[in-house]
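Protein chains: 4
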Amino acid sequence: MSTPPGTNYWDYIRVEDLLSLQGGYERDERKLGNDEVMFIVVHQVYELWFKLILRELTTARDLFMKEPVPDVELAAAARSFRRVVTIFQQAVNHFQVMETMTTRDYLEFRDQLIPASGFQSAQLREIEILLGLDDDRRVPLGKESSYKQALKMGQGEPAPALDRVEARLAGGPPLKEVLYRWLSRTPVDGPSDPKVVRRFLEKFIASMRDEVARRVEIAVEKALTPADVERLRERYETEVRNAASFLLAEDDPSADEETREKRQAIRAGLVFIESYRELPRLAWPREILDAVIDMEQSMLIWRQRHARMVERVIGRRMGTGGSAGVDYLDQTALRYRIFSDIWAVRTVLLRKPVVPPIAHAEDYGFRVED
Amino acid sequence: MSTPPGTNYWDYIRVEDLLSLQGGYERDERKLGNDEVMFIVVHQVYELWFKLILRELTTARDLFMKEPVPDVELAAAARSFRRVVTIFQQAVNHFQVMETMTTRDYLEFRDQLIPASGFQSAQLREIEILLGLDDDRRVPLGKESSYKQALKMGQGEPAPALDRVEARLAGGPPLKEVLYRWLSRTPVDGPSDPKVVRRFLEKFIASMRDEVARRVEIAVEKALTPADVERLRERYETEVRNAASFLLAEDDPSADEETREKRQAIRAGLVFIESYRELPRLAWPREILDAVIDMEQSMLIWRQRHARMVERVIGRRMGTGGSAGVDYLDQTALRYRIFSDIWAVRTVLLRKPVVPPIAHAEDYGFRVED
Amino acid sequence: MSTPPGTNYWDYIRVEDLLSLQGGYERDERKLGNDEVMFIVVHQVYELWFKLILRELTTARDLFMKEPVPDVELAAAARSFRRVVTIFQQAVNHFQVMETMTTRDYLEFRDQLIPASGFQSAQLREIEILLGLDDDRRVPLGKESSYKQALKMGQGEPAPALDRVEARLAGGPPLKEVLYRWLSRTPVDGPSDPKVVRRFLEKFIASMRDEVARRVEIAVEKALTPADVERLRERYETEVRNAASFLLAEDDPSADEETREKRQAIRAGLVFIESYRELPRLAWPREILDAVIDMEQSMLIWRQRHARMVERVIGRRMGTGGSAGVDYLDQTALRYRIFSDIWAVRTVLLRKPVVPPIAHAEDYGFRVED
Amino acid sequence: MSTPPGTNYWDYIRVEDLLSLQGGYERDERKLGNDEVMFIVVHQVYELWFKLILRELTTARDLFMKEPVPDVELAAAARSFRRVVTIFQQAVNHFQVMETMTTRDYLEFRDQLIPASGFQSAQLREIEILLGLDDDRRVPLGKESSYKQALKMGQGEPAPALDRVEARLAGGPPLKEVLYRWLSRTPVDGPSDPKVVRRFLEKFIASMRDEVARRVEIAVEKALTPADVERLRERYETEVRNAASFLLAEDDPSADEETREKRQAIRAGLVFIESYRELPRLAWPREILDAVIDMEQSMLIWRQRHARMVERVIGRRMGTGGSAGVDYLDQTALRYRIFSDIWAVRTVLLRKPVVPPIAHAEDYGFRVED
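Protein chains in written order, with our numbering: chain A, 1 to 370; chain B, 1001 to 1370; chain C, 2001 to 2370; chain D, 3001 to 3370.
Hints listed in this document are in silico derivations from the structure and should not be mistaken for laboratory results. Glycine is no exception: its CB is placed at the ideal position from the N, C-alpha and C atoms. One or more of the hints may lead you astray.
[Stated by the list, open to error] One side only, chain A facing chain D, incomplete, derived with CB under 10 Å:
(1) E73
(2) K222
(3) T225
(4) P226
(5) D228
(6) V229
(7) L279
The whole structure should be built from the sequences, with the hints applied where relevant.
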């Protein structure tokens, strides 16, 4: 484009260029039915949203790379995550547009798509990489040795999808890594130090044991049979054992001492922030945690809704790219968990009255009015 | 692009081209903040949806141009309208993405947009034209003598927005016109004929009068004061007078006899379809009416929600294109009514037990099982 | 209430009685925090929606019990299903209200709920029963020998939940049964007769085989390696074999001849309606199928969203009623499939150009205009 | 209820009592059609949500009554407002359930409702009162001298709706009043003092004037015609004059000096918080403002959507309670603005680079990490 763009809507939004991209393989949309143009557009809308998500996640990741993270910028990170949530909430509804197409009408143009596949959306892979999805969590997809293999499929050379993914992999640490590092620096009722962390976790686990004893008493009061009480007691005790093992990072015997200490610090930070939510100084960390959970949940909901759309429109056929279709999508939804520790902490929290009192509450205040 | 596209996702969806269109006036997105890229993307998403809406409306309009409309295709028209509704329902929520931007952050790049304006979205104008918005309903926009004037604004030559609108204006009758023509051919308990229409309307109006009498009786029973009863009676009678005037098309004294007959036929068709909804032969006409109402309502809701977003993010400033901003948007929402007769009919319907019985019910059946 | 209700909003909506029901176990809402009142209200809202769903499903079930089903009423059944869909769409969002409560705040009152559980919602069980969930699909829940056992839990005598469920079980056949019976009577290009059904299915399966041959050719053209082509051919052939086995009802070797014929008739009816969607006489049957799929999908989405809310607010604890919590909910979402045949048919459909032509198209028309 | 409730779902949620409240005037739901039960249930769901809203607003109002407002509790107020938003977002969608009823079917039972009306929902009036709707903003409703009159309508004595409203009116100041008082105490770059406020406002208005000059220059550069430039300059100058008049509280000449100072302090607080959003100490005040705007917007959207549903299902008839129906609802949506100053401030904000620098930034920090 040699002439400078005019100050008008169509040059700013690039309307004409944008509306010329719905021609499918033949580059001629007059040959396409409404259903196929709709199919293309919905995918384009997804790519546009993914682009925004990638920008926000990059901004947030860059922020958490700083040590210390400037407090004044935590609110910006929370806003980035909230925008991602809002976008996934849009995205989840777009499947309703897809579902205005019947199975039979989709079959009309489906075969010609083979072996292309939505799995070749580089940006979705980039989002996973940038968030920090572990490669060994990935569900294998048909014959490909790896997900990267699929990004080369098709006759085309070069493969821009693969280029994007490689660039992302080379583009710095994932959000999960830097966020966890920040969490591990949370001062848990004392300076950031392994002994302080350990002491905090032990007090917390002790409170948990008291809580189980109390619950068993309630069960007795409620006149459950002795067998029922015993069964309950066993289940609660298993819960505490699991919780303690998680908090003390003894759930992975292969980890060395340093790794274990790091994990203890992360988990202690998480428990601390969630348990003393009302402390002003924890206000933004807490917002961050809520927003991250919200973000991962919204992505998970999007994945499950994706599976539902595919099952409805396509049925349980093999995917055009060779995947197991619906089952593959349903599996990824539940397996592709990234912030597992933040989720896991929800299972070990205690109600407020039995949370151990903290010693240095005054360190966690701030003020608005004079 | 000289090499043929490969059979892969990125060539089919045009991912790389698509993701190169968010550079703003400078054609360089690295210079733009996340907010501005989001602002551009949301508008692009709207343009993509509008494209789908235009395709569906064109398909439906073309169908209703046929005389008679092939019954087997009515279901397809209903599906087109339903898809438009689903799309507007998506669109209404996108304002939430926009609202993740604060007023102050929007101001950061707003001035440079002047005099561009969302008002220059040709496709939205095309949708209005294709639906059948009367030009004299349009709310004047700042200094422009007409909405077409605005589509030339900006230094740019040529003005693709204006070209699109002119092409649409030259592209055949609007949906409203052909849909109303089809409605006017509805057999209202007899062959499609002005006398049959007139007789049907008169019977219907008579039932209306009985209904008012009954309602006044109820008011008396409920021990309202005589003054209250009188006030109610007057209001009901005004309602009937207005209804009769509407049904007999006496609400526009300037109309000639032929126009009046045509309008009577349309309104009789509407009342007939709505009043005898359970007749199988009316099943698809009824679906069409429901879908058209749903479609116009969804567009109206989108307009009102648009006004709310603008008020929230921008406040009550003059629009970048010189419009009155929020007030302009709120006005268009309520004024830009296209299928006014279909809406108006809702005010004159009667409950089922007092609808006049029809004489030729057997003409309106069909069967599924043998 | 001895005095007759007045003609006013509060007596009609029962506002005062309604607003007196949020006192929890202590029957005193002043003792409850906002979170607990919210928790109670959300459950009450669910129960109110479930009530509406049960009414609509009963209406639809009663309709399909008639033989033949009066054509004029099919539209009413479609509307009932659509209302159920709209309600589930509301319900899915209510989890967002629940999620405004943090884990820690929920723990504040959670223990006192034990052993009560949302699993004791009789109406949800009734919906499952009325739809036709097979008992052997149910996921076992903790110690209870059956789901009915759970409805007795708590000290309380009597157990209105159990009474409701027993009444529902005794209240006539489920929707699935009568809907399938109606489907099996679909005239599939000829009179409703096992031989006609069989012939139709065989022609359809033959088209399927042609389609596979064609697809393998395409794969060869697209220059896949011979090994890849072979792998594809095998997968397609497995698909056809599975499809044929399903259509001919050979997927359950234990079924006797009569059962097999009945199933063939159901599946042929489904394939027929989906494959010749544009035939006017199939318009309402097709709407029914779409609505039933939509309804089951919306319930499934609700269940998966339920699991997400529980995981977020509660974590992966044992449920208050003793269930496995999140895992239990995730399992029920995918296992509690009721209209399996309608779903399965989506996997065997063919694109329109290769669907075998039908012989008696004129039997499937109807007309709107004269 | 003499026996203590059992620890089970139905006694906690009051399921049986709840499900007995849908009998309409005759107290017998077997006489009611599905549409009428749906109509009753949707209203009941609204009343339940309103109850939650009232609790959250009361909690927040009580908090802002404290002087100073404890900083640690601001987050709780934000959460209350967010819950209200989430609830209104649910509520807006419920109109879709109502719209599954056709006009004709609604007419079936509509007459018997007269003169009851949704206008008699006491809780909606209470929400308005608690928020702080000025009485002189209320749109008159038919013959009633005041909205309280309507709450007596119907034969019934006593009128619990009126009692609720009277109790609310007597129950303390509205949220608006106490929130504005808190805002007026915002330290705007110095101690909370009228002179400091005045100085801040004057600096801000000066920046505004510079901004206008700059914009006019841009217009000249963009080669607008001199007439266009002049027209723009005039409009901008009017904008500044209006903004200055608002900020200095000169928009109400009848106000005395003290009132004017109070208003200046409120508006200065608003501008300050919005303009220096990134200052940590302003983080929660900013969240509060965002949440209040979000809350009022969500209520407004609910009102407009209400008008759309009524127009669709009922048409433009007189309301059962005698109101002007749709027009009344559309008017209240735009007129019943409560937090007008918070909205108005959006129109006067400046982009960040031209906001006057503040002198005491160090007073507005806080820290998370050590």
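Now the hints, each set against the structure:
{"no.": "1", "hint": "E73", "verdict": "holds (8 Å)"}
{"no.": "2", "hint": "K222", "verdict": "holds (7 Å)"}
{"no.": "3", "hint": "T225", "verdict": "violated (15 Å)"}
{"no.": "4", "hint": "P226", "verdict": "violated (19 Å)"}
{"no.": "5", "hint": "D228", "verdict": "violated (14 Å)"}
{"no.": "6", "hint": "V229", "verdict": "violated (15 Å)"}
{"no.": "7", "hint": "L279", "verdict": "holds (7 Å)"}
Going down the numbered hints, you'll see the structure goes against 3, 4, 5 and 6, while the others check out.
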